[in-house]
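A.B. asks: Here is what each chain is made of, one letter per residue.
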Amino acid sequence: MRRKLALLSIGALGVAIAASGCTQTGNGGDNNAKTTIQDSVVSYDPKDSTGPAPAVPGATKGGTLYNLENADFDHLDPARSYVNIQQVVGTLITRSLATYRESVKPDGTVKMTVIGDLATNPGIDVNKDCKVWKYTLKDNIKFEDGTPITSADFAYGVARSFSPQLAEGPHYVQNWLAGTGATSADYNKTYKGPYDGGAATPPGVTTPDAKTIIFTFPKAACDMPYAAALPMTSPVPAAKDTKLDYDRHPVSSGPYMISEYIKDTSLTLVRNPSWDPATDAAHNAYPDTIKFSLNVDSAAINQRLIADSGPDQAAMTWANVTPEVAAQVVGPVAQRVIDGSTQFAEYISINNLRVTDVNVRKALNTALDKTAVLKAVGGDLAGSPLNTIESPTTAGWADYNVFGVTATGDSAKAQTMLGTTKPDLVYCYANTPRRQNQAVAVQASLQKAGFKITLKPVDAASYYTILGKKDNSCDLYRSGWGSDWPAGSTIIPPLLDGRSIAPEGNQDLEYFNNDAVNAEIDRISAESDATQAAKDWAALDKKIMSDFAPMIPVDNARNYTLLGSKVGGAFLSSAYGVTSMNTIYVKS
Amino acid sequence: MLRFVIQRSLRAIVTLVAISLVTFALFFILPANPAQTMCGRNCDAKQVHQTLVNLGLDQPITTQYTSFVKGIFVGRDYGSGAFQRHCEAPCLGYSYRSNEKVTDILARTLPVTISVVTGAAILWIIFGVGLGMLSALRRGSLFDKASIGVALVGASMQVYFFGLLLLMIFVYGLKVLPYPQYVSLWVDPLGWLKAMILPWITLAFLNSALYARLSRAQMLETLSEDFVRTARAKGVPRRSVYLRHALRAAINPIVTVAGLDIGAALAGTVITETVFSLTGLGKTAVTAATQLNLPVVLATVLLAAVFIVVANVIVDGLYAVIDPRVRLGA
Chain A
1 MRRKLALLSI GALGVAIAAS GCTQTGNGGD NNAKTTIQDS VVSYDPKDST
51 GPAPAVPGAT KGGTLYNLEN ADFDHLDPAR SYVNIQQVVG TLITRSLATY
101 RESVKPDGTV KMTVIGDLAT NPGIDVNKDC KVWKYTLKDN IKFEDGTPIT
151 SADFAYGVAR SFSPQLAEGP HYVQNWLAGT GATSADYNKT YKGPYDGGAA
201 TPPGVTTPDA KTIIFTFPKA ACDMPYAAAL PMTSPVPAAK DTKLDYDRHP
251 VSSGPYMISE YIKDTSLTLV RNPSWDPATD AAHNAYPDTI KFSLNVDSAA
301 INQRLIADSG PDQAAMTWAN VTPEVAAQVV GPVAQRVIDG STQFAEYISI
351 NNLRVTDVNV RKALNTALDK TAVLKAVGGD LAGSPLNTIE SPTTAGWADY
401 NVFGVTATGD SAKAQTMLGT TKPDLVYCYA NTPRRQNQAV AVQASLQKAG
451 FKITLKPVDA ASYYTILGKK DNSCDLYRSG WGSDWPAGST IIPPLLDGRS
501 IAPEGNQDLE YFNNDAVNAE IDRISAESDA TQAAKDWAAL DKKIMSDFAP
551 MIPVDNARNY TLLGSKVGGA FLSSAYGVTS MNTIYVKS
Chain B
1 MLRFVIQRSL RAIVTLVAIS LVTFALFFIL PANPAQTMCG RNCDAKQVHQ
51 TLVNLGLDQP ITTQYTSFVK GIFVGRDYGS GAFQRHCEAP CLGYSYRSNE
101 KVTDILARTL PVTISVVTGA AILWIIFGVG LGMLSALRRG SLFDKASIGV
151 ALVGASMQVY FFGLLLLMIF VYGLKVLPYP QYVSLWVDPL GWLKAMILPW
201 ITLAFLNSAL YARLSRAQML ETLSEDFVRT ARAKGVPRRS VYLRHALRAA
251 INPIVTVAGL DIGAALAGTV ITETVFSLTG LGKTAVTAAT QLNLPVVLAT
301 VLLAAVFIVV ANVIVDGLYA VIDPRVRLGA
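In order, the protein sequence lines correspond to chains A and B. Each residue of the first sequence is one higher than the one before, starting from 1 at the first, in the working numbering. Each residue of the second sequence is one higher than the one before, starting from 1 at the first, in the working numbering.
Worth flagging that the hints you see were computed from the coordinates, not collected in a lab. Small disclaimer: the values here were computed from a predicted structure and weren't measured. Hints should not be assumed to be uniformly reliable.
Per label pair, the in silico range of CB-to-CB distance [claimed, not checked]:
{"no.": "1", "chain 1": "B", "residue 1": "I126", "chain 2": "A", "residue 2": "I262", "range": "58 to 64 Å"}
{"no.": "2", "chain 1": "A", "residue 1": "N431", "chain 2": "B", "residue 2": "K194", "range": "36 to 42 Å"}
{"no.": "3", "chain 1": "B", "residue 1": "E88", "chain 2": "A", "residue 2": "A238", "range": "24 to 30 Å"}
{"no.": "4", "chain 1": "B", "residue 1": "H86", "chain 2": "A", "residue 2": "N140", "range": "37 to 43 Å"}
{"no.": "5", "chain 1": "B", "residue 1": "W186", "chain 2": "A", "residue 2": "T50", "range": "45 to 51 Å"}
{"no.": "6", "chain 1": "A", "residue 1": "K240", "chain 2": "B", "residue 2": "S156", "range": "56 to 62 Å"}
{"no.": "7", "chain 1": "B", "residue 1": "I6", "chain 2": "A", "residue 2": "I262", "range": "36 to 42 Å"}
{"no.": "8", "chain 1": "B", "residue 1": "R248", "chain 2": "A", "residue 2": "N437", "range": "37 to 43 Å"}
Below, computed lysine to any residue pairings styled on SDA-like, alpha-carbon distance capped at 20 Å [said to hold, decoys possible]:
{"no.": "9", "chain 1": "A", "residue 1": "K131", "chain 2": "A", "residue 2": "P218"}
{"no.": "10", "chain 1": "B", "residue 1": "K46", "chain 2": "A", "residue 2": "P164"}
{"no.": "11", "chain 1": "B", "residue 1": "K175", "chain 2": "A", "residue 2": "S565"}
Here are some, though not all, of the chain B residues that point toward chain A, as calculated from beta-carbon distances under 7 Å [claimed, not checked]:
{"no.": "12", "residue": "G81"}
{"no.": "13", "residue": "F83"}
{"no.": "14", "residue": "N99"}
{"no.": "15", "residue": "P178"}
{"no.": "16", "residue": "T279"}
Each residue gets a CB set at the ideal place from its N, CA and C atoms; glycine is no exception.
Could you put the whole structure together from the sequences, leaning on the hints where they help?
C.D. replies: So, in structure tokens, the structure goes:
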């Protein structure tokens with residue numbers, strides 16, 4: 001779980017696994033814009049995990065798909081991959097124990113199912129206490145060089161994710177194995193991975209035979225089927241572990257392998273000859289080749305896709321349409337848009353260590369004109385106003401309006417709440433044009449209600465470093481978050497479990513710490529009934545906002561991206577919050 | 001000549017040392033932690049510290065600087081244990097952000113910038129100087145007025161506008177050219193030409209305008225000098241007067257400006273590279289600066305300085321070739 005990166009316009013950082021509220025539109029007449037709530041399903045039906053993936057009506061095999069992106073991928077090493085688009089690329093190259101199978105339903109919504117990927121199912125809870133999880137590998141799974149994949153390769157993949165040098169990925173499984181808190185940084189305090197004399201299998205992982213891998217956790221970890229879909233459960237052959245260089249060429253266990261990777265320029269994927277579609281229920285892998293053009297200017301990406309000529313007709317992007325070209329997205333071009341809400345939420349964090357009066361925090365929530373703040377960063381194209389901590393794509397999400405105000409806020413009501421108090425607050429923002437605009441909108445909105453807001457620019461590159469310090473000198477600041485899978489467990493605990501607060505490097509940017517809330521977090525975390533847990537997380541979300549108002553939810557980010565006219569089978573992935581590549585094809 | 005080369009080399013070394021020291025110092029003054037930005041948001045304090053150690057940023061600035069200089073001549077190691085990396089000489093540093101040697105980054109991005117600048121420079125010198133000379137010879141004519149007008153338009157134009165205009169017309173509108181995507185000249189000459197043509201025209205149009213005005217002014221001034229009048233009076237053919245006498249005298253200031261312009265452009269044509277999405281040296285340098293990627297910033301700044309210094313030396317050498325009155329070492 002991690003926050004959305006403030007500096008990137010690609011759309012988002014953060015693993016993204018959303019369960020509901022997915023929207024998809026698209027091209028080729030196989031999609032239409034719609035937003036629908038749905039629940040993800042962890043499927044134990046063997047048929048669901050058995051390949052090949054269901055055929056997409058009208059899809060054709062072959063051709064070259066182009067993907068235009070405005071930056072390179074930070075990491076393709078499965079241990080280090082934590083950005084949603086990197087993970088989408090990653091699933092094409094390195095498969096995990098589990099994965100998400102998504103398909104477009106006749107009503108235009110997306111059905112998402114957690115299934116076994118290289119394993120036969122998403123994980124067996126051996127003792128029904130969420131502490132021991134068993135995975136059995138499928139037959140005929142091989143690396144790109146034809147070497148059979150064994151359980152030892154999975155154990156090694158998990159082991160290397162403990163290494164401090166490969167620490168950029170998610171740490172759920174590592175923390176569960178170590179018995180540390182879900183978001184703790186202490187997971188590798190004793191075991192530091194297989195390098196420099198470390199064991200090739202981490203504590204808590206056993207491989208009784210070549211086809212079985214067992215995870216034993218000291219505490220219950222009921223979300224393991226979702227965590228097993230993270231890239232860090234991918235197999236890595238120890239003999240081909242090039243450590244930091246593995247980022248450049250992770251050994252393929254998926255439908256594609258890397259043919260050429262020129263940093264900051266291009267990535268070319270070609271078919272993996274050792275991939276057996278009969279083992280893969282999620283990837284259709286229709287294109288023969290996928291070429292990523294990296295570091296392309298965002299405006300150029302949109303203009304090229306609008307122009308729709310030559311190879312760009314078979315191109316896609318994960319870069320949102322920017323406001324300056326939005327007016328050109330009409331008529332036939334509008335039919336080539338992938339539009340919908342994502343799991344990413346934006347907030348204005350209130351530093352609860354500095355703004356200690358709950359009445360002031362509630363007045364802030366009442367006063368803020370979310371529409372104006374959103375307009376400053378792109379308006380409708382950027383997202384839609386949000387009242388909740390959870391994004392609408394979270395399982396069990398329930399909307400509420402505890403302050404009884406519309407998205408434009410109510411400055412008069414806030415003024416009444418404040419009485420004679422005129423709080424003098426510092427709003428810190430990343431010093432970029434986008435955030436400067438937003439800061440001015442926040443200031444104008446809150447000052448109407450009687451707050452005195454001082455704007456303080458912060459170096460954009462160090463934004464979260466500075467605000468992640470417990471003793472930072474800011475009262476208010478923008479933050480963002482995307483859930484790692486469709487559960488409140490990847491939203492509420494990392495953002496608001498005060499026991500994780502450290503002197504620096506904090507994710508709980510509100511510095512909110514309440515014993516009752518922490519106890520409730522523990523209770524829900526141990527809930528093995530996913531449906532009940534989803535309801536409980538949503539209830540806790542509402543209780544936190546109504547009783548403590550530690551933050552101001554501002555908006556739910558929107559995906560609004562273009563495709564070329566010859567791209568078919570595209571839809572907005574509920575799992576990753578961007579256009580899926582699993583069912584995509586090039587029209588002949 | 002030898003004295004000239006030694007003198008200039010010593011000056012160049014002093015300049016480069018000064019620039020590297022200033023760049024180093026600037027990064028120490030910045031209220032930010034490069035290790036944090038390189039490590040990423042998911043890194044905790046321990047991992048940030050590890051990155052700091054791997055980069056050698058935990059060392060005093062003097063140690064860091066001497067390690068950097070040593071790396072250039074004998075190479076150096078980064079990290080420790082299983083993750084130790086050796087960076088061969090000339091080692092300009094190691095980017096932990098992209099996990100590669102800075103020299104690899106330069107090897108990838110420099111050809112892009114060289115491709116852009118070389119073609120554009122040829123065009124802007126040929127057209128700019130040619131236009132300026134012809135205007136001077138036909139002073140007051142319609143051609144002169146038209147070329148001055150064009151020069152004014154070019155001089156007032158901005159790369160980000162003209163570049164986008166060309167893209168709008170030739171790529172998005174007429175669709176006669178593909179969107180520029182760099183390929184090596186040695187791999188695909190036609191693809192390279194297609195990718196470079198619009199950046200060349202953009203840079204050349206804007207720069208040739210300035211050169212046209214400069215050349216015209218220089219040529220007019222030279223044509224009014226006594227030695228030209230004398231040559232004409234002696235019955236030297238008009239062609240010889242212009243090409244052998246006047247042009248040779250007028251070209252010196254243009255060579256100076258061209259040398260510096262090309263040197264500066266090689267250091268990175270940031271806006272052109274951004275407009276055409278070409279990952280050259282300039283775009284890489286700007287990205288590195290925003291990411292506080294010290295090794296890459298330092299290397300690109302130094303390389304830029306090398307280009308400027310070398311361009312100056314070449315210009316000084318050319319003076320002597322063009323104008324025998326100039327003596328090297330003076």
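A.B. asks: Look at each hint and say if it fits the structure.
C.D. replies: Going down the list of hints, with the structure as the test:
Hint check: B/I126 to A/I262, Cβ distance near 32 Å, so the stated range 58 to 64 Å is violated. The given range of 36 to 42 Å is respected by A/N431 and B/K194, whose C-beta atoms sit roughly 39 Å from each other. A hinted range of 24 to 30 Å holds for the C-beta pair B/E88 and A/A238, which are about 27 Å apart. The beta-carbon spacing between B/H86 and A/N140, approximately 40 Å, falls within the hinted interval of 37 to 43 Å.
A C-beta distance of roughly 48 Å is found between B/W186 and A/T50, which places it inside the suggested range of 45 to 51 Å. Between A/K240 and B/S156 the CB atoms are about 57 Å apart, so this pair conforms to the stated range of 56 to 62 Å. A beta carbon spacing of about 41 Å between B/I6 and A/I262 agrees with the range 36 to 42 Å that was offered as a hint. For B/R248 paired with A/N437, a C-beta distance near 56 Å fails the hint of 37 to 43 Å.
At roughly 7 Å between alpha-carbon atoms, A/K131 and A/P218 fall within 20 Å of each other, so this suggested pair holds. Taken as a hint, the B/K46 and A/P164 pair is honoured in the structure, with Cα atoms around 8 Å apart against an allowance of 20 Å. Of the supplied pair hints, the one linking B/K175 and A/S565 holds, its CA atoms being roughly 16 Å apart against a limit of 20 Å. At its closest, the beta carbon of B/G81 sits 4 Å from a beta carbon of chain A; the interface hint therefore holds under the 7 Å criterion.
For the restraint placing B/F83 at the interface with chain A, the shortest Cβ-Cβ distance is roughly 5 Å, inside the 7 Å limit, so the hint holds. Proximity of B/N99 to chain A holds as hinted, the smallest CB-CB distance being about 5 Å (cut-off 7 Å). The interface hint given for B/P178 is met, as the beta carbon of that residue sits about 6 Å from the closest beta carbon of chain A, less than 7 Å. With a least beta-carbon distance of about 5 Å to chain A, the hint placing B/T279 at the interface is held under the 7 Å criterion.
This entry does not satisfy hints 1 and 8, going by the numbered hints stated previously.
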